[in-house]
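Trainee: Going line by line, the protein sequences match chains A and B. According to our numbering, the residues represented by the first sequence are 1 to 315, in order. According to our numbering, the residues represented by the second sequence are 1 to 518, in order.
Please note: incorrect hints may appear among the correct ones.
As the list claims (entries may be wrong) - Below, computed lysine to aspartate or glutamate pairings styled on DMTMM-like, alpha-carbon distance capped at 20 Å:
1. B:Lys209 to B:Asp470
2. A:Lys174 to B:Glu147
3. B:Lys211 to B:Asp175
4. A:Lys174 to B:Glu126
5. B:Lys211 to B:Glu448
6. B:Lys401 to B:Asp388
7. A:Lys174 to B:Glu90
8. B:Lys257 to B:Asp472
9. A:Lys174 to B:Asp123
10. B:Lys78 to B:Asp123
11. A:Lys19 to A:Asp275
12. B:Lys227 to B:Asp70
13. B:Lys211 to B:Asp472
14. A:Lys174 to B:Glu145
15. B:Lys209 to B:Glu501
To be verified - Selected chain A positions facing chain B (in silico; Cβ < 8 Å):
16. Lys174
17. Asp229
18. Ala232
Simulated from the structure, these hints should not be mistaken for laboratory data. Just so you know, even glycine gets a beta-carbon here, dropped at the ideal spot from N, CA and C.
Given next are the chains, with one letter for each unit.
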Amino acid sequence: MEDFFTYSVILGIFVATFKIATPLLIAATGELVAEASGILNLSLEGTMTMGAFSGFLIANETGNLWLGLVGAAVGGGALGLLMAVMTATVKVNQIVAGLALNILGLGGAFFWYRSVYEEGGAVAFPTVDRFQTATIPLLSDIPAVGEVFFDQHWLTYFGILMVPATFIFLNRTKYGLELRSIGHNPEACDMRGVGIISRQYTAVIYGGVMAGLGGAYLSLAGGNQFFDDIVAGRGWIALAIVIFGNWRASWILGGSLLFGFLEATQLSLQASGVDLPYQLLLALPFLLTIVALVFNRSRSQVPLSLTIPYHRGER
Amino acid sequence: MADAAESGAAAPGENILVAEEVTKVFPGVVANDAVNVEIRRAEIHCLLGENGAGKTTLADILYGVYQPDDGRVLLEGKPLELHSPRDAIEAGIGMVHQHFELVPPMSVIENVVIGTQARQWLDLTEARRRLEEFFADYDVEIDPEAEVGRLSVGEQQWVEIFKTLYFGVEILILDEPTAVLTPQGIEELFRILRRMRDEGLTIILITHKLKEVMDLSDRVTVLRRGKVVGTVDTADVDQRDLARMMVGRDVLMQADKAASEAGEPVLEVDEIHLESDTGRGSLEGLSITVGSGEIVGVAGVSGNGQNALFDAVVGVRHPASGSIRIAGQDTTESAPHRIATLGVASVPADRIAQGLMMDFSVKENLVLGNQRERQFSRAGILNRGQIDAFAAESIDSFEIKTPSASQITRTLSGGNLQKIIMARELSGQPQLIVAHQPTRGLDIAATEYVRRRLIQERDRGAGVLLMSEDLDEIFQLSDRIAVIYDGRIVAVTEPDATTLEQIGMHMAGASDTDQGSQ
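Extracted from the complex, chain B is given alone in its bound form (with noise of 0.2 Å):
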């Protein structure tokens, strides 16, 4: 890196890469619209913006995996032709994306070198050597020689970074790289970017959290809809000048929540045991206990047991050991079906794959799951009037944005597509209502729209689990948070009785007696 930065004409403050009316169009959608942003030597510059906004599109640019349909990109002054991430590679650009390029069979050492190697015959020992003089320089203890599908997610992490590292870059894109971090790790990556940075490495960081934009970059570029809105220097915004840009209007930054008393209890763990197929996200005897008119959010890492957790409560997997009480009944060996009829909706997590049709049209999804009541059918024959009323009443009152009730669901937007999960699950008043990651990937507006949806249902008497690794969320929501680690709940707290550090330090293992002694 250091070398890379000697050999660069230009000195740190000069324009390095430079994006100049980039028009990038998809069917339907124009991602970029006449874009130009210039990125400095040796900055930390955000790509700010909502999901949608075209901030991954235009990295995608900068790194040759798209081709631009109209503008250009200049390094250091001098138009780059980029076919391929080849190219960019050539060029001193790396990106490390949202999703990791990772093959996870293969060694941290064989994931590194591809695509490096000058000669047929494999010859890792130099890449063993920079890659132990690396792990040590930053202080990351990772076995070159392990399998890299059985590191940590923020292990993997590291490996992307070097992977991208080790070409001799000059230039890092890092696509939303804190998703799947604690707030400890979020700020050791942060503390060696900055180091990174100093030591003459430019880096593109994008997201959508305001609070990373402010804690970690020099200056920002935030995208709206495809359009430039603003390059700005960070000191001299605030959160709430950068949500206005994003979003193009006022936002209001929290839930307005009034206090409530958790009832009877309508979920009832107890010391659940499942094991996962792939031996990570296991349960390991776990107990959680849900009252009526609460919300309890589960706090974790991705991986933990969320989606255990998730499958064994509405039925579609059994633990092998423990009991699960629903509303007072035993639900442990029951269907999904028989758990849905005892009042129970589900949000998923992977809303397109475990949630929706997305070929099927938008009335189907929203009775999807409850064509066998007789509101819907008949002797096995659907009744289509009931159905299109029922589909007609729920897009006025959940707001779905749709030209109609038969439009097939996979052209809607992602906060849409939540909506008629929302409006199907809600539909029964339920006494209980399961929540996985239920506003990831949505913008401003639909993210504020789910969650007052969940305390209106809350009000209305309505027993929540929310599971998000979205922390602000779990504060914002949550009557009570309960901390997933490793197939357990380790702690169980109240927003006001506790800090992000100590959920933190919850999420990253430490018991109690850690964080005293400390």
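Only chain A is shown next, with the shape it has when bound in the complex (with noise of 0.2 Å):
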């Protein structure tokens, strides 16, 4: 157990905490956009699997990362675009189209993925060149900080900074709020001559954007290839993370840390054997997001017409 406590581990747990937060903060915040409109799109988990596949197809035909950041998001925003020609034009279920769409996620990235890269039976599992951390100078430097702040992958960087860009948008702009009251209350946009439809649009395809670039992250960066469950889970535990952090940005950023860190203190017990149930530290996050489910019940910020499809004149 002492060997456990040792400088470099601890500052090896801070440093892994950014990198597995990273995925799920990108995905978190731009379902944080899509639920605020009042659409919960439940397929996160296949649609980051689509853009993690996505994005490997392009960065390995054409070389370069950042077109497969691009491919990425076009796979992700595919997916968001579906889920809004279901939801806000053909106003299905979402809690039904966002299941249907997940497995159609899931399903079409791995035929996909075998159709391209299968050859006689066996999938070759090719790798490409990974981003590299991008190291920013002199506060890269800083003892301890430097490492856990300032020597990581350009996308954690932007997941970090779309947590005040999500919130500036939401609360300080006349769009954010229009979305927001679409959110909470369509009826009454509807009236005041605001566009609903257009609106839950942007808001969907969005988050189907941001999903698909968290999963870019795995394949892009964090790893560097696509393989059947490169998401195991994050998608769900995205999800989750929005209801922890109760539809607002900066707890939207605690619980996705907070996650990250669970997550990588378990892997470091791991590997340095201690003989604690690690499964306990897995299962603590969704522990969490109950409590805080019951706790914040009164003081809930959740849209409060998600998941209602929206007709005009029906009252």
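Using the hints, put the two chains back together into the complex; each one sits in its own frame.
Mentor: Here it is as structure tokens:
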């Protein structure tokens, strides 16, 4: 146990915390915007997987990682568009649409991957030359702090930047105010002449793009290949983090980092052979989400019309 | 508003907004049938009619919510194409709906600016300045930063009205704006509406209350079953004329009721506390007694604990402290089913959500909740013959208009829905009837029927706890009137010993001592 509390192990946990939190943070801030418009997109897991694949595919084919990110955004955005068509236009049940798209995203990505890279019954499992961390000059030389905060991937900086950006967008802009109003009471917006469908499309497609980028982190930065189950439940965790964060950007940052920290600790514990049930640490974020739900009940910021389709003239 | 009036071309008294041969058909209903209405500039024009007469549909067409199937709308003589509320707002027409269109978790000011901001970066200073000016001008005290969901319904209505005026509209449509107000609140609203009219605003007010038409309007258009019966100057008619136009026959304005002596108490509610989830409408030590053979009317503005009182008496929720006795038995912690078997009938406020299974047949709804009785089932198997016989008898005696007992309930009108509930609940000759808003939304004929039935039950010896926001109903039916405010009964009196104004004061929270000093 004493071996565990060494400087290098603890520093390693903090560095890993940000790496693990990155895809969660990107997907969850995107989902926050989608949910603010009143649409719950349960397909994050499948959308992240599709993003991880389409990003990998483009990066591998072109040899350009940045084009890969564009590919991931397009892949995730396409699934977001499908979700928007089903929920904002056709107005089917959002839970059903989300679960169906989730399966489509997962299955579609695996199928496409195999049809591209399978030869003679065996998959080649190619790899890309993945993103290196972007070391910020001077700041990264600060002991400990530099390594934790200023020697991370661009996508990590991007994810953290999206927290204040999302807050400002939702709370300080006209579009954000209208989006939140739609999520709470679409009829009020309709009667004020604020178009609902176009804004829901924008929000849900944006959520899909962000989930795609979150997935691409896994195949282009955190790892260097695509494989089945690459997302491994992170889509569901991102959904839980939005709830845990009570639909507030700052808490979503806290939730993502908390999850990243627990996961990193758990990995370190396993690696150092400490005899603790790591499953307990893995389950902790979900327990905390339930606790947060119970205690936030009266102060819940949940969009009041989340999952309820709007039809004009039905009261 | 003043600016808007000056910029308009037409002088006061000329037609500003005209509906010409407007027809709107919904599946199975002709909501508006070749309707012609002429609204003059700077007048208060009432659209009067019973529920289902087509008033709201007409207003929604004028506001662009619906597009007419036939006919057209003219603004200042020019045809006006309205595809959505946005078009109406741009043409200077605003509407306050009966169901508020507010975003409860947001502040007053955020609600006001939705859809009005020109730039992407939110700028609330201008809105705050105009809001404060408006509230000061009309003596309304509301904090612009307050969360709308925490305001009283009266305050929320002001937010709705200002929200609409903020667009700078020339024509303001109000759909049943007084439903949620105390008599004093209504007086205040009317005073301000008159002032706005004098300043040049054109106001269209939808109502089914004759008294409001007489008090406020310059002219009134009466609708019946989707058609215009006529437009008259209010000064030329009285309430009786309007009622005849509205219903198509003479109407009894008073329910006949003989004097009655209250017998043994059938309901004794003693100091109950019951907290509601939302924090509004909790009970804070409420006590009330209902004797056999009397109707006790509970008057109050909605949200003062009526829902909690109803739930506590019928057993849906249990009070945290205090006691409830029905026919001498303690039912404080009893389940709804057990309370029903003591002879308690309940007529809930929301008949669709709480009273009926809308996709079940009429006969199924007629036995709903009584299905376990020996009459209707044996060993868990429903006795269809008995149910059919009971349904046929109920449909006959309660004059329920339905093609058959197997008809799906959803297709029936509001009055017939309420009759199904009444038939079911009154079938066991209950000793106590708890009725919450039993005539809300019903037409005049159905209202008369329900009220007559409640008086008959009282004459039979049942005790009736009647909760209503309709003060005329309270005065007509009650042997005693109790006023509920903030989860307590603040006054108990008899209809002959009080006035509408006094009850209104109590409803707004004034105690007897306050009144003495005024």
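Trainee: Flag every earlier hint the structure violates by its number, smallest first.
Mentor: Violated hints: 10, 11, 17 and 18; rest satisfied.
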